[in-house]
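With the hints as constraints, model all of the structure from the sequences given.
So the sequence lines, in the order shown, correspond to chains A and B. Numbers given in my numbering equal positions in the first sequence, counted from 1, plus 958. Numbers given in my numbering equal positions in the second sequence, counted from 1, plus 958.
None of these hints come from the bench; they were simulated from the model. Note that this is a predicted model, so its numbers are computed, not measured. Careful: at least some of the hints might be erroneous.
Given that identical chains are not distinguished, each listed pair holds provided it fits within a single copy or across any two copies.
[Said to hold, decoys possible] Listed next, the in silico SDA-like pairs over lysine to any residue satisfying Cα-Cα at most 20 angstroms (straight line):
no. : residue 1 : residue 2
1   : Lys1053   : Arg1097
2   : Lys1053   : Met1066
3   : Lys1053   : Ala1035
4   : Lys1106   : Glu1086
5   : Lys1106   : Ala1095
6   : Lys1110   : Ala980
7   : Lys1112   : Asp1046
8   : Lys1110   : Ala1055
9   : Lys1110   : Ala1094
10  : Lys1110   : Arg1099
Listed below, chain by chain, are the residues.
2 protein chains.
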Amino acid sequence: MASQPLDTETESLELGVLTELAGYHLRRASGAFAADFSRVLAGTGMRQVLFGILSVVDANPGINQGAAGRMLGIQRANMVALINELVDKDWIERKVAADDRRAFALTMAPAGSAKLAECLARIRAHEEEMLSDLSAADRTRLITLLGKIEAKEK
Amino acid sequence: MASQPLDTETESLELGVLTELAGYHLRRASGAFAADFSRVLAGTGMRQVLFGILSVVDANPGINQGAAGRMLGIQRANMVALINELVDKDWIERKVAADDRRAFALTMAPAGSAKLAECLARIRAHEEEMLSDLSAADRTRLITLLGKIEAKEK
DNA sequence: TATTGTTATACTCTATAACTATA
DNA sequence: TATAGTTATAGAGTATAACAATA
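Take a look at the structure:
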């Protein structure tokens, strides 16, 4: 029976000092979330990073490529391929900024707005599933606590 | 003044739907933690994954390579290079398991125990820094909430 | 001089499939 | 037939340095 050694394993093995380290649990929880995200969004062409950019462009029409990256913690250099990908998919439009000819102003393309809506519905379901053991208060608390950690970013 | 556009940026730009998504905040907080981890442990040769393995081996002397990977969510195939690296660094010892000649029993090497202790001290300081805006109750709460999410791993 | 976007590059983490040797 | 470890390989995310065009 295959379950026996697994049960034994789960019962007797320990994580050691990891148990009390927030960094470890953050890593695992974030990984579990990411895996479920890509499972739920398989076939849509959407990924966590791309969704992040779409969300920021949608909320800030005409935002610069660099500014969008800065908000999301994405380096200039890495934004290039990501924006190319979004433009190729016809999800966003990229025009030279009116006030600064070095910069690009990003706006949503119609297909991008539709994708954003479609994926958002799936993402809400995925969040509901992943957070099903947390009360409404717990969920708010979690986001608040995570926000305090994000603010420590250097 | 370079701070002016940045201030304007922070004031007026928005994250959009990301604001309310736990997955996004988990991703950012985990990334901030990871970045600080590697900053604090620069020069030691330690990385998050390696520390995880060391912690598990330390807590479960003689554990199998596969069992260790399963506890940490690391695939068999990816364990190989990681264990090779730890053996090359003389941080762990790998012997054929007494009861199963297919398996490897992992134990700490003296240098590994020393590294673990040294790094743990730095990691505790790094956690203290990253969680400085959280009360003791908040920290416990955070780990509990993350644990519930980890349990959703499929 | 500083900034926007770009290219090139490299490293880490993760995922899958196919293989071997033992069980 | 299943499991432990291995190899090969590929995709994705992230990091740095150097460059052109513009501010």
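Original post:
For this structure, which hints from the list above don't hold up?
Top reply: The structure conflicts with hints 1, 7 and 8, although it agrees with all the remaining ones.
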